[in-house]
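Use these hints to put chain Y onto chain C, whose structure you have.
Those protein sequence lines, which keep their order, are chains C and Y. Oh and the first sequence: position 303 is 303 in the numbering used here, straight run, nothing missing. Oh and the second sequence: position 646 is 646 in the numbering used here, straight run, nothing missing.
Do not take every clue at face value.
The list treats identical chains as interchangeable, and a pair is accepted whether it falls inside one copy or across any two copies.
[Stated by the list, open to error] Here are the simulated BS3-like cross-link-like pairs (lysine-lysine), alpha carbons at most 25 angstroms apart as the crow flies:
(1) Lys372 / Lys650
(2) Lys310 / Lys369
(3) Lys39 / Lys53
(4) Lys463 / Lys650
(5) Lys369 / Lys660
(6) Lys561 / Lys372
(7) Lys302 / Lys650
(8) Lys561 / Lys666
(9) Lys369 / Lys561
(10) Lys372 / Lys463
(11) Lys650 / Lys369
No lab work stands behind these hints: they were computed from the structure.
Protein chains: 2
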Amino acid sequence: MREGLIVFVTVGSALALIYAFVQFKRIFKFSEGNETMQKISAIIRLGANAFMKRQYTGVAMFFACMFVVLGIMAFLGFITPFVPFAFLTGGFFSGISGVIGMKAATYANARTAQAASESLNRGLRIAFSAGSVMGFTVVGMALLDISLWYILLRYVFLPTFFSHITSEAEIISYITSAMLTFAMGSSSVALFARVGGGIFTKAADVGSDLVGKVEAGIPEDDPRNPATIADNVGDNVGDVAGLGADLFESYVGSIVASMALAVAAGYGFSGVIVPPLIAVVGLLASFIGTFFVNVKESADQKSLLTALRKGIYVSAALSAIGAYPVLAYALDFANHPERMGVYGAVISGLLAGVIIGYVTEYYTSDHYKPTKSVADASLTGPATIIIGGLSVGMISVVIPVIIIGASLMISYFLAGGATSFEYGLYGIGISAVGMLSTLAITLTTDAYGPIADNAGGIAQMAKLPEEVRIRTDALDALGNTTAATGKGFCIGSAALTALALIVSYIDEIKQRIPDTWESVLRLEITNPQVLVGLFLGAMITFLFSAMTIRAVGNAAQTIVKEVRRQFSTNTGILEGTSEPDYATCIDICTRGSQKEMIPSAVVAVLSPIAIGLVLGAPGVIGMLAGATATGFVLALMMANAGGAWDNAKKYIEAGNHGGKGSDPHKAAVVGDTVGDPLKDTSGPAVDILIKLMSMVSIVFVGLILNFSIF
Amino acid sequence: MREGLIVFVTVGSALALIYAFVQFKRIFKFSEGNETMQKISAIIRLGANAFMKRQYTGVAMFFACMFVVLGIMAFLGFITPFVPFAFLTGGFFSGISGVIGMKAATYANARTAQAASESLNRGLRIAFSAGSVMGFTVVGMALLDISLWYILLRYVFLPTFFSHITSEAEIISYITSAMLTFAMGSSSVALFARVGGGIFTKAADVGSDLVGKVEAGIPEDDPRNPATIADNVGDNVGDVAGLGADLFESYVGSIVASMALAVAAGYGFSGVIVPPLIAVVGLLASFIGTFFVNVKESADQKSLLTALRKGIYVSAALSAIGAYPVLAYALDFANHPERMGVYGAVISGLLAGVIIGYVTEYYTSDHYKPTKSVADASLTGPATIIIGGLSVGMISVVIPVIIIGASLMISYFLAGGATSFEYGLYGIGISAVGMLSTLAITLTTDAYGPIADNAGGIAQMAKLPEEVRIRTDALDALGNTTAATGKGFCIGSAALTALALIVSYIDEIKQRIPDTWESVLRLEITNPQVLVGLFLGAMITFLFSAMTIRAVGNAAQTIVKEVRRQFSTNTGILEGTSEPDYATCIDICTRGSQKEMIPSAVVAVLSPIAIGLVLGAPGVIGMLAGATATGFVLALMMANAGGAWDNAKKYIEAGNHGGKGSDPHKAAVVGDTVGDPLKDTSGPAVDILIKLMSMVSIVFVGLILNFSIF
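Chain C on its own, in the form it takes in the complex (with noise of 0.2 angstroms):
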């Protein structure tokens, strides 16, 4: 009985779309500005349309490779017949959302800019209706996604063609296995999204700033820059639309990994749908935490944040409150006292979300020492604002690594650990769904970064009055924080996300081979398989980071390149009397981040493979492990230390140190953009990266089983 929950599931998904759509709608009350405003908003529209579309046809061949192999895997009995279908719906879903939010973006830049000439609060109201568009599909997608899969596969699919399944265990092992499918598609689409866009954006910008700030003297999104359109287009592609895809995917990820932990924890149907419960009731939390998003007409920046923080925080008070009755009924507390725990895990995993979001805003704002600590070293040049910055960046993961090695020591014991290793998995799984739970309005807050930073650019291109700049100015610095939170959010459940994928790996190691795990699972760390699989893990995460950090380097000295040519061919364009060929740079993002995108799918999707073949599944437990460590840290260490450089020139701008055009501007400039491929390309993409691995081995679990040579 308590299983028909699963309906307020879909209704909950319902509500989140409608809402959604209503904030989408919205947004065209507002007037777009003058013409020029309008052109530059269509242009940039065009630009990140254009890019979609040519990303989208990659991502396509992608899905139909994977889909055929997926195929034959299922025909030859690897795999559950609906498996292939589950990868496409995921990647479709997860594709839908990122585009959806990016839309938005690209309709609200122009109005935001528009709204923020009239006043700071009606900037910020524009803005964060449109990253709530984003927030709140992801969010009503995902949950849709989920609930229409398991009821379609309880209620329809498996009754009508697999009647002869009727043990409990074995049921939901069927559906979670096609569910965690979708992940994988989910993944692999925000693998490209993030990739792709995230080389897009900051090939753009790094390019741009490279030859229009430092050598070319003009201002950031100064329009005789020819990259400039191209950096607001990736604004769009990179941080909105691949954050979205981001996102969804950690969301999907944490919820079914702990639906599978259910079965072998023993909680049947009931604690099978606790995970999506508890996204539902921070879903509502979430619903609730945006009224309290408001400020005074006359606000200053700082009770901007103050307003952001409030909605964040609220929205987890009440996810936290609502948890406890849903938990107690599914969970069925009255006769099952022992269990209470689990609503420890939801806690543990919320509270652990808030702080790190904390710390990371503590390491990246110029408003505390490190990130002030970063700008003093720029009176010494380049070299040591670089030195700085870096170590800012590794010392900003202590923290986060503590308290999520907290959090999942007390939510393992809190949900029974101590008497049950499953108990204690589920709970795992529990608290980074806890943690994610709010995520509607933590992506809200997300995606209104960007929106800003292109309201700046317009404001800057169409050369609005000064006072107006100054206002986009304060947005876009809000923004910066709330990106930098953002991430950290994301990392610290990724990170968990990867964790609960784990553990489900190995439960589907020990249902398909009942009688034998115990042989195969030798997982002690000493085993060499899972030791050389540690040290291989790590490894990929520093391969991969590679690989991006290279790709934006390779396209960005394309565009600085093309840049200075358009530059010295034609004069009139620093002038200010000819106009710049705007197209040609989005071109060359474009090819630059498509050519780049495949290797890094490949690495991903085939290194758990290549080394389960060899190394057995202890390797590839053990690679994923290690992948997760590393990456967890080296992500982190990216996001932030990116963060603390973006800050301190900021800082410099706003007049500190000699202010702009000084000497220690310029080193600030040069730790921007060293931090920006760090920060916004290869963290977030490690970040996907260690739980796409982790998904790709449950889906090729049959092949690895039987094949490899360990």
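This is chain Y only, laid out in the frame that chain C set:
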């Protein structure tokens, strides 16, 4: 009877020390050049000695504290009574090796410059001889320490004072646990030497480059630069003394860990003496190898490299050949043909070392694509060269990880891992010993580098003719290559040694709680204790890197300000009419390094204890594995990125991309400056960290088993 072979180890060590002494004396036969050169060399010597005196005062205090702590623990029965004394001797032998090597280097620097004024070959010969003092002293001292303790414990102390101990396993355990502690002593000294020396040398280097090269536009090692003497002192205290102590510890660690593993594998005393015997074979092979390092008087730089390589390859080949009869006799292959695989482990270690050295050269030498691509990135400014170097560094870890992984699997299975876990682990230990067996010659070529660097500095400061400086530059460039390959080798061996130590740790626990260890050692990677340990281990390597990088950054900024102050208050310095104040810069570096050494040592010693007390032995093991895997890739990345930046700069200085003084050159100097602390401070420090933490864990295991929460 076979056990008596240990006497060959004492004989071997005596031979090594005699050879080192002869080489040391030989240095003084050569002319130290003109008066200026003598004076500069004397100042450098003075600075280096002053630093060492201060350094070892700090180290002595640390050792006094640790001696008391260990004494109390011995009194309480947690450790055997020999342990505190073993700790002291390990520190003493390691420190003395470093100091002797450094003395040789500081006497050889001016002599190398003088000899280079005659021919390239003569310069090489002196620098190589001085390097061999270090190489053979380290190996000789290490083997002396090992054989003395073995003989004393086995034949004197145990029979006299502990005559009740008669079982083979117990005797060996007593011996190896004392030995592991002296490895910890040498490890502690190595940490201080590497961190302290590393901070000193790089603060001086970075500081002097930033103001001298970049701001004042004067060449490297120009006598007008107040920090230039400190820079040259740093080469000796960091790159020579630090390197020696570091490899002393790797060498001792791998040998002692393998001796301990022999017990678990059931090889008895003959298995225990195999590791030091392999080391003696390698020592003799290295001795013969040195005679192959010889070139014609008219030789060019390329043939110098070939000569050095020939020496290393010949030694490796001889070591491989010589190890066979020794193993065949000690392990009695005639009656135990199944043990022949252990020989395979030796070969796999030797091969892995050679291949990693070669790969490192590929990524860091400007003859190959990677470093050239970094140099190309200088065309678009400092930001792209940083991005380029980071990505080359990250990519460069891929092959070494695969090689180490393969070597691990091969040596595990060849040594009989399929039959018994313990056989396999002994194989892993032996492969580390194999890799390090030719340490005498590889360390000689390593130590040669900073001597050549110093010679170049003296040639510059003493204004020797252009042709001499071209020759010392050639010697220096060669030294960069050998230093980089040496680092790769050092890090590779550290990873294997750390793994061997982790396994000894587990054995130690099994011996201490023979009845209950199965309930304590739940080492599945999915055990949350292990998992959280893994994350913490990965994090600690980042924290440690950050601390050391930051220390260099802080000290360098102080140097920059001091040099600027001297230039502005005394205009005669830049005009060359008055002498700068070298002593203040040396003093700043010394103070900076002493101040920052302590927190690093505290992190290294306390983390395994703190984590053990909270997470228990499985947490410690997870932490050690995480630190080893992440530390390996991180240290390698930092070393290789640093090497690539350094040589990219040299490549540009050789006249490419506009040569010295051009914009690309300035960008390359920024890259080199960023790389300096990474490759010469943090990378090597992480390298020691992973071994030291393992040893601390072993020594404090009694504490953890009694008082941990879990």
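The hints, checked one at a time:
1. In this assembly of identical chains, the alpha carbons of lysine 372 and lysine 650 lie at most 25 angstroms apart only when taken from the same copy (11 angstroms versus 33 angstroms across copies).
2. With identical chains, the CA atoms of lysine 310 and lysine 369 are at most 25 angstroms apart within one copy only, with a shortest distance of 24 angstroms there and 53 angstroms across copies.
3. For the homomeric pair lysine 39 and lysine 53, the shortest alpha-carbon distance inside one copy (21 angstroms) is at most 25 angstroms, but the shortest distance between copies (71 angstroms) is not.
4. In this assembly of identical chains, the alpha carbons of lysine 463 and lysine 650 lie at most 25 angstroms apart only when taken from the same copy (20 angstroms versus 46 angstroms across copies).
5. Within a single copy, lysine 369 and lysine 660 get their C-alpha atoms as close as 21 angstroms, which meets the 25 angstroms cut-off; across copies the closest is 37 angstroms, which misses it.
6. Proximity of lysine 561 and lysine 372 under a CA criterion of 25 angstroms is satisfied inter-copy only: 19 angstroms between copies versus 33 angstroms inside one chain copy.
7. Taking the closest pair of Cα atoms, lysine 302 and lysine 650 come within 25 angstroms of each other only inside a single copy of the chain (16 angstroms); across copies the shortest separation is 49 angstroms, beyond that limit.
8. Proximity of lysine 561 and lysine 666 under a CA criterion of 25 angstroms is satisfied in both settings, with 20 angstroms inside one chain copy and 19 angstroms between copies.
9. In this homomeric assembly, lysine 369 and lysine 561 come within 25 angstroms of each other (Cα to Cα) only across copies, at 21 angstroms, whereas the closest approach inside a single copy is 37 angstroms.
10. Proximity of lysine 372 to lysine 463 under the C-alpha cut-off of 25 angstroms is found in neither arrangement, the shortest distances being 31 angstroms within a copy and 43 angstroms between copies.
11. For the identical chains of this complex, lysine 650 and lysine 369 are intra-copy neighbours only, at 15 angstroms inside a copy versus 36 angstroms across copies, given an alpha-carbon limit of 25 angstroms.
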